[in-house]
Amino acid sequence: MNEQLKTIVFAFVLCLVCSLLLTAAATGLKKRQVQNVLVDRHRNILMAVGLIGDNQHPAARSIEELYRAKIKELWVDSAGAIVPPDRRGPADLPLYVYYEGKSIEAYVVPIDTRGLWGQINGYLAIDKDGSTIRGFTVYHHSETPGLGGEIERSWFRKKFVGKKITDQQGRFVSIAIAKGSVEQVVPEAHRINYVDGISGATMTGRFLTSGFKDILRNYEPVAVRFRQALMKKKESREGGPDDRSVEEK
Amino acid sequence: MTGAWKKSETYRAIRAALYDSNPISKQILGICSSLAVTVKLSTAIVMSLALTFVVAFSNLVISSMRNQIPRNIRIIVEVAVIATLVIMADEFLKAFLYDVSKQLSVFVGLIITNCIVMGRAETFAMSNPPGKSFVDGLANGIGYGSILCAVAFFRELLGSGKLLGFQVIPDSFYAAGYQNMGLMLLAPGAFIMIGLFTWLENTLLGD
Amino acid sequence: MENLISIFVNSVFVGNILLAYFLGMCSYLSVSQNLKTSAGLGLAVIFVLAITTPVNWIIYHWLLAPGALAWAGLPDMDLSYLKLILFIAVIAGIVQIVEMVIDRYSQALYNSLGVFLPLITVNCAILGASLFMVERRYSFSQAVVYGVGSGAGWALAIISMATIMQKLRYADVPKGLQGFGIRMIVTGLMAMAFMLFSGITL
Numbered sequence: 001m002n003e004q005l006k007t008i009v010f011a012f013v014l015c016l017v018c019s020l021l022l023t024a025a026a027t028g029l030k031k032r033q034v035q036n037v038l039v040d041r042h043r044n045i046l047m048a049v050g051l052i053g054d055n056q057h058p059a060a061r062s063i064e065e066l067y068r069a070k071i072k073e074l075w076v077d078s079a080g081a082i083v084p085p086d087r088r089g090p091a092d093l094p095l096y097v098y099y100e101g102k103s104i105e106a107y108v109v110p111i112d113t114r115g116l117w118g119q120i121n122g123y124l125a126i127d128k129d130g131s132t133i134r135g136f137t138v139y140h141h142s143e144t145p146g147l148g149g150e151i152e153r154s155w156f157r158k159k160f161v162g163k164k165i166t167d168q169q170g171r172f173v174s175i176a177i178a179k180g181s182v183e184q185v186v187p188e189a190h191r192i193n194y195v196d197g198i199s200g201a202t203m204t205g206r207f208l209t210s211g212f213k214d215i216l217r218n219y220e221p222v223a224v225r226f227r228q229a230l231m232k233k234k235e236s237r238e239g240g241p242d243d244r245s246v247e248e249k
Numbered sequence: 001m002t003g004a005w006k007k008s009e010t011y012r013a014i015r016a017a018l019y020d021s022n023p024i025s026k027q028i029l030g031i032c033s034s035l036a037v038t039v040k041l042s043t044a045i046v047m048s049l050a051l052t053f054v055v056a057f058s059n060l061v062i063s064s065m066r067n068q069i070p071r072n073i074r075i076i077v078e079v080a081v082i083a084t085l086v087i088m089a090d091e092f093l094k095a096f097l098y099d100v101s102k103q104l105s106v107f108v109g110l111i112i113t114n115c116i117v118m119g120r121a122e123t124f125a126m127s128n129p130p131g132k133s134f135v136d137g138l139a140n141g142i143g144y145g146s147i148l149c150a151v152a153f154f155r156e157l158l159g160s161g162k163l164l165g166f167q168v169i170p171d172s173f174y175a176a177g178y179q180n181m182g183l184m185l186l187a188p189g190a191f192i193m194i195g196l197f198t199w200l201e202n203t204l205l206g207d
Numbered sequence: 001m002e003n004l005i006s007i008f009v010n011s012v013f014v015g016n017i018l019l020a021y022f023l024g025m026c027s028y029l030s031v032s033q034n035l036k037t038s039a040g041l042g043l044a045v046i047f048v049l050a051i052t053t054p055v056n057w058i059i060y061h062w063l064l065a066p067g068a069l070a071w072a073g074l075p076d077m078d079l080s081y082l083k084l085i086l087f088i089a090v091i092a093g094i095v096q097i098v099e100m101v102i103d104r105y106s107q108a109l110y111n112s113l114g115v116f117l118p119l120i121t122v123n124c125a126i127l128g129a130s131l132f133m134v135e136r137r138y139s140f141s142q143a144v145v146y147g148v149g150s151g152a153g154w155a156l157a158i159i160s161m162a163t164i165m166q167k168l169r170y171a172d173v174p175k176g177l178q179g180f181g182i183r184m185i186v187t188g189l190m191a192m193a194f195m196l197f198s199g200i201t202l
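Protein chains in written order, with my numbering: chain U, 1 to 249; chain H, 1 to 207; chain L, 1 to 202.
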């Protein structure tokens, strides 16, 4: 009996100590971890628009400063119009706009799509012309290392730069990943809408292609406004996220 | 080194862990969960540090409780201690080394099932005093880490021509037709590397 | 449906939990000498993975995930840091229960699987599958398919290894490479062969 009691008391005390330690560690570090995730997202947005190079690793503070100075987070509705924060609905889409001084340089669309193994998350930056891709980054994926996992590498992501999401007539076609080399498998007229695939990662490429198509179609009304140069900068008061700094004409 | 030090128990424990029965090749233990992070040297180093931390402290904690732990629940006690330490290591990595922890993803968690950690707790810490167990844990962690980092060193060097992210193969090599060995980046590269290491070790040391 | 099939095929071949993610190596290397034991262990792993992955899915999504406790009136609770310790406890518990149930109801099955079950608790493939299932944000049905597929992939790898090792008995392997070394290299070649399945599209 005494022996059993000792076992139970021991197990109880051990559980108590372990859970206290874990809870302390988890709650104590939570703020830092959340902050890390946020900085990582911001870094990826800045990389997508080209403000941070692939081999640059600025400190968290300078990332945040750069982000606050150059990027504005907005929400747009299904017609592509800016939604004020207080009237934001569940169907509205997030949009990150890159300002250089007072003029818009590019906008960034968050990519959240299924990959072969799991979600692929990243950002696609599109120039102010509403059609040329400025950059692409991936901050989360579960693809096979060495195959589909190559999507996060700079050699693959660089291939997006300068490609277009519209055809020669300016109609929306999205961006696609070719199966193999673009020069070999895509007719010349469409090459501007394709990037080279990764060998051994056909499925990842296919999922990414359909993800781009769905997401960019949702954002098409915004892109149209950019193409027609309807997005115009209004006088901006420095700062706050509630600042309606972009307006329709 | 003095003769007394060479004869000491601590020295023998370190020597055993680093040389006589170095985990991967001789004990075959702990090979799980470790190879997937050897594509890059930096992740392998962080993984080794995390494992060394876990195995050293789990040895210390379990050894200092060894006279109190009831025999019949000792395995679950060991698992609980190890799991707590692993989660703490994971939380710390997420807070202070976010980039690396993103690359290590689930593999830090898998230290729990790493046979070295359980093995040292069960065979060494349960029957030795805390100080010695702690040193044994450290030495085993370093022994494991040395092989992990050696594999990562060659995989990163041959696979991407870099070390710790810096390019070490000069551009002139590439211009002359040198190519990175893509196989090294893939899983088979790790298996073959380990096989070749064992071959080298067996040939050099004999049996 | 197409997605489920592709998850299955991929977890068996290209993303084989042993050959691509190095999980479950301990038991793989210690058992793969003998075809019969390998087959037994392979079956046991499929069995346990098929149960633990969905159970851990339920536990994670109803208890641990951020906001998972909304049904209990605690929408802000995030217990996901407990997932490791809970998963391993669930696996150990389920393996025990499975062992007892098999022992009680099917002596034949117990005789063939029973000895392997304790080995499985410490098999990293089991815990790994549960962690990957969270990491990859699978739905419940995907988690079931992934569990079974990973188990099948693991079993396939260990059984092929055992067969190759039988053939290799007659081969003249260099002395230093005998045993552990050649097994790793054969595993490497097998991993390469499995990667070739990545060309298959469904």
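Fair warning: there could be bad hints in the mix.
Dumping the calculated DSBU-like pairs for lysine-lysine here, alpha-carbon to alpha-carbon at most 30 Å [as the list claims (entries may be wrong)]:
# : chain 1 : residue 1 : chain 2 : residue 2
1 : L       : K36       : H       : K102
2 : U       : K70       : H       : K102
3 : U       : K128      : U       : K6
Covered stretches of chain H (chain L as the covering partner; in silico rule of three or more C-beta atoms under 8 Å from a C-beta of chain L) [what the hints assert, rightly or not]:
# : region
4 : 48–59
5 : 100–109
6 : 143–156
7 : 165–171
Hint data in this document are derived by calculation from the structure and do not stem from the laboratory.
We put the beta carbon where it would ideally sit given N, CA and C, even for glycine.
Status of each hint after checking the structure:
1. Taking the CA atoms of L:K36 and H:K102, the gap is near 40 Å; set against the 30 Å cutoff, the hint is violated.
2. For the suggested pair U:K70 and H:K102, the alpha carbons sit about 26 Å apart, so the restraint of at most 30 Å is met.
3. Between the alpha carbons of U:K128 and U:K6 the distance comes to roughly 71 Å, so the proposed pair goes past 30 Å and is violated.
4. For the region 48–59 of chain H, the proposed coverage by chain L is not satisfied: 0 residues have a C-beta within less than 8 Å of a C-beta in that chain, short of the threshold of three.
5. Interface restraint, the region 100–109 of chain H with chain L: holds (3 residues with C-beta to C-beta distance below 8 Å; minimum three).
6. Only when three residues or more bring their CB closer than 8 Å to a CB of chain L does the claim for the region 143–156 of chain H stand; here the count is 0, and the claim is violated.
7. Residue count for the region 165–171 of chain H with a Cβ under 8 Å from a Cβ of chain L: 0. That is fewer than the three needed, and the coverage hint is violated.
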